[in-house]
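Trainee: Sequence positions in the sequence shown follow full-length UniProt numbering and run 1 to 370.
Think of the hints as simulated: they come from the structure by calculation, not from any bench.
Because the structure is a prediction, the values reported are computed rather than measured.
Hints are supplied without guarantee of correctness; some may be wrong.
[Unchecked claim] Calculated cross-link-like contacts (lysine-lysine; reagent style BS3-like; alpha-carbon spacing at most 25 Å):
hint, residue 1, residue 2
1, K53, K307
2, K204, K262
3, K262, K197
[Claimed, not checked] Have a look at the derived ranges for each label pair, beta carbon to beta carbon:
hint, residue 1, residue 2, range
4, P151, S189, 48 to 54 Å
5, Q303, N240, 45 to 51 Å
6, G304, P190, 50 to 56 Å
7, K262, S127, 54 to 60 Å
8, N147, E177, 33 to 39 Å
9, S189, E277, 23 to 29 Å
10, K343, K48, 50 to 56 Å
11, H57, K195, 44 to 50 Å
12, R233, E117, 44 to 50 Å
13, N85, N147, 27 to 33 Å
14, E49, S81, 32 to 38 Å
Yeah, the Cβ is synthetic: ideal placement off N, Cα and C, and Gly gets one too.
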Amino acid sequence: MSSPIPSMIEAQTDFALSLLRENGFNSSTILSPISISIALAMVYLGAKENTAKQIKHTIAKGVADEEIHAHFSSVLSRINSNNLNVTLESVNRVYLQNNFKLLDNYIEGIKQNYGGELEEIDFSKSSAAADKINEFVSKSTHDKIQNLISPNSLNDLTRLALINAIYFNGEWDEPFEVEITRNADFYVSPGNTKKVKMMSIESKFPYFETNDYQMLGLPYKNQKVFMYVILPRERFGLENLVKNMNSSTLFNLLSKRSSTTKVDVQFPRFKIEASFELTNALKKLGITEAFEDNANFLGISEQGNLKISQVVHKAFIEVSEEGTTAAAATHVGFQHKMFQIPKTFSANHPFLFIIADDAHNIYFIGRHLE
1 MSSPIPSMIE AQTDFALSLL RENGFNSSTI LSPISISIAL AMVYLGAKEN TAKQIKHTIA
61 KGVADEEIHA HFSSVLSRIN SNNLNVTLES VNRVYLQNNF KLLDNYIEGI KQNYGGELEE
121 IDFSKSSAAA DKINEFVSKS THDKIQNLIS PNSLNDLTRL ALINAIYFNG EWDEPFEVEI
181 TRNADFYVSP GNTKKVKMMS IESKFPYFET NDYQMLGLPY KNQKVFMYVI LPRERFGLEN
241 LVKNMNSSTL FNLLSKRSST TKVDVQFPRF KIEASFELTN ALKKLGITEA FEDNANFLGI
301 SEQGNLKISQ VVHKAFIEVS EEGTTAAAAT HVGFQHKMFQ IPKTFSANHP FLFIIADDAH
361 NIYFIGRHLE
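Work out the full structure: start from the sequences and follow the hints.
Mentor: So this is what it looks like as C-alpha cells:
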C-alpha cells in the first residue's frame, strides 16, 4: 500500500517534474528544484493578491502559508546542519539597490525563514554589481558555478536580486573500483553510440523494477542521501517515461530505499553543466503576473513598481567512482537468499537521475542522454 504524501513534498515533487519537462528533451541537463523553489518562496513572502496566488499554485499548491515557509526553513536547517554526512550547503542573499527601502516585516521574514542576508549594491554600475554577485555565488558553490549574472541583465531600473546557491559533494557508501572502469558504448540515439567510462560494482542496493523501467538507489555515506537512477526498459523511452511520471509514482519510488537486492551495476562517469533562463518555463507553469507591470509585491516595499525581470539558474554535476559533486544557483522487506542471482542494471542508454534525502527532499533532478 502506498504511503500518503506530505502535501509540501507532493507539491515540490510535482514542481521538479514540471521543470524537467519544460526544459525539453534535446540534451543532458541538471537543475535544482529546491534552489529554484527557495528563490521563488523568498519572492512569495512579499507577494500579494493574484501575484501571490500564482506563485503559490506553482510551488506549493494547496499548502498553508505558514507551512510553506516552515518547510523551506526546515529544509535549509537540514542542509546546513551537517547531519546528512555529505557536504550540502545552501545560502540565500538579497541584493537591493542603494537607498531602496524594504519593509521591516519582509526583512525579518527573509532572515527568520531563509537565513537570508541583505546587501546594498549599485545596480547602475552593472559590471561591478555583476562581479560582486558572481563572486558570492562562485564562493558559495566552491567555484562550480561561475558567471551566474550577466552585466547586461542589470541596469539603473534594477531594484532587487534574490540569489540562492546550493552545493553538494557526496562520497558513495560503496565506491566503485577505479581499476575495473572500462570503455563501453552508450546509446545516444538510434544508430548513434558514444564511448564512455563505464563504472562497475556488484552489491546490495535499493532496487525496484516494472515492465517499463528499473530503479536503482546509490546511497551516499550513512545512507541519508541517495542518487536514484531510473532507467527505461525501452532504450530511447526516457521522454515518454518522464511525461507519464507523476508525484505519487516518484514519491513511492523514492520510498523504496529500504528494499535492497543484489545488483550488478554498470553506470557511466558523467559531468553535466546547464544554464537556464527560467522566465518562459515559469510562465508556462502559471507564474505570469510576477513578470508584468501589474505585479504586486507591496509586501516587499511600499515604493511599489516591482516586477521580476528574469530568473536565472545554473547547475553542475560530476559523478565518478568516489562519489558526486553537484551545485546549483525545487518499506518492503526482502528475504535474502544464500545464492541470490544478481539483477543487472546497465545504464548504457538515456536515464533520469535524482539526488534526494530520506525525507524525500529533491535537491537535484536531471537526465543523462550522452
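Trainee: Which hints, by number, does the structure contradict?
Mentor: 4
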